[in-house]
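S.K.: Protein sequence lines, in the order shown, are assigned to chains U and R.
Okay, so the first sequence: first residue is 1 according to the UniProt record's numbering, each after it adds one.
Okay, so the second sequence: first residue is 1 according to the UniProt record's numbering, each after it adds one.
Calculated from the structure, these hints are not laboratory results.
Treat each hint with caution, since some may be false.
A pair holds if it fits inside one copy or across any two, identical chains being indistinguishable in the list.
[Claimed, not checked] Below, simulated DSSO-like cross-link-like pairs (lysine-lysine); rule was C-alpha separation at most 30 angstroms, straight line:
#, residue 1, residue 2
1, Lys154, Lys35
2, Lys59, Lys101
3, Lys197, Lys101
4, Lys35, Lys158
5, Lys158, Lys197
6, Lys22, Lys197
7, Lys22, Lys59
8, Lys154, Lys59
9, Lys154, Lys197
10, Lys197, Lys59
11, Lys167, Lys59
Protein chains: 2
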Amino acid sequence: MDNALEFYFDFSSPYGYLASEKIDALAQRFGRQVKWRPILLGVVFRETGAVPLTEAPLKGEYSLRDFARSARYLGVPYTHPARFPLATQHAARTYYWLHEKDCAMARAFAHATFRSFYIEGCDISDLTVVLDLACRQGADYNALSEALAGPSVKERLKGECEAAIRKGVFGSPYIIVDGEPFFGVDRLPQIERWLEKGGF
Amino acid sequence: MDNALEFYFDFSSPYGYLASEKIDALAQRFGRQVKWRPILLGVVFRETGAVPLTEAPLKGEYSLRDFARSARYLGVPYTHPARFPLATQHAARTYYWLHEKDCAMARAFAHATFRSFYIEGCDISDLTVVLDLACRQGADYNALSEALAGPSVKERLKGECEAAIRKGVFGSPYIIVDGEPFFGVDRLPQIERWLEKGGF
């Protein structure tokens, strides 16, 4: 895992979702693995003063069009959720809790969460929705409920967000390859070139 | 020219420069022409509240790296100018003045201006630099000097900026194809697909 790609994202980020459907296969073609790192853009934006894309004047209207068109371009199913953006701390904390037990289960949970939000329109800010998604991947309901009510998973996510900001993460997706940062799903072709050539 | 692409940019925009080196050849492959429309991002940002990319916390540092890497990716020569960003009203007004007389001369002036800034590091906010660039394309020094001192070219550029904002332009490059808006040089592959398929 030493040369693994680091993939930072917020579960509420459309471009993060699009990247999540592509990044593993891209890395695998070059014998690389990917460390998934959910973060909270709300925490990052408090640091940077940025606003959610869809709330920015003019850019907001454009971005709704661009989310859907970029999904079509990449061949990824996408329906813009009625409730958007939404809080993703339950989902992110659940991811890290699962990850400590079973990496594959955490990855499956992440895909299921993104897809339930961006394909089925589920409210992934709702704790019961998140618990259900986790249990369908095999998580223990009682143990996870208890963990999400306690301080440990909160501290873990807080620490991950702070570490991400220290690394320069300012948005989603933000992908680090061999120390080189790439922001946006539209940088996947540059990441591919980087992996092919070992930098460019 | 009815189905021409509309290419909005600021002469101080690195991604606008990169797009300027690619957009005509891309359009030409599909039998399309391109209308170049320099604008002032400062005027647009007053409307939207946005800040220049390089001044945004965290994103600023990243963007300097991304300008140069995106240029390498696209095979376009690029040296980040020492003085950046800078005011481009003289360059934009000169463009429109030339365009009323000779479209090809205006296009050549635009390329020369971008390249002098992003390859040679010239100060294209300086009126004498702009006059020199225009005269090297064949402009009449006295007529242009007089025009730039008068109200007509100022009104023209003001009108172009206002019209751009009404069309939703919030950054550079912003390219409209068949009514569909594309923001960023990283959208060129989507524009290519659009031109190939007549939409997607």
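S.K.: Take the hints in turn and mark each one as holding or not.
M.R.: Right, here's what the structure says about each hint:
no. : hint            : verdict
1   : Lys154 x Lys35  : within (20 angstroms within a copy, 53 angstroms between copies)
2   : Lys59 x Lys101  : neither (41 angstroms within a copy, 34 angstroms between copies)
3   : Lys197 x Lys101 : neither (35 angstroms within a copy, 47 angstroms between copies)
4   : Lys35 x Lys158  : within (18 angstroms within a copy, 49 angstroms between copies)
5   : Lys158 x Lys197 : neither (36 angstroms within a copy, 46 angstroms between copies)
6   : Lys22 x Lys197  : both (19 angstroms within a copy, 23 angstroms between copies)
7   : Lys22 x Lys59   : both (25 angstroms within a copy, 24 angstroms between copies)
8   : Lys154 x Lys59  : between (33 angstroms within a copy, 26 angstroms between copies)
9   : Lys154 x Lys197 : neither (40 angstroms within a copy, 48 angstroms between copies)
10  : Lys197 x Lys59  : between (34 angstroms within a copy, 26 angstroms between copies)
11  : Lys167 x Lys59  : both (27 angstroms within a copy, 12 angstroms between copies)
Checked against the numbered hints above, the structure violates hints 2, 3, 5, 9; every other hint is satisfied.
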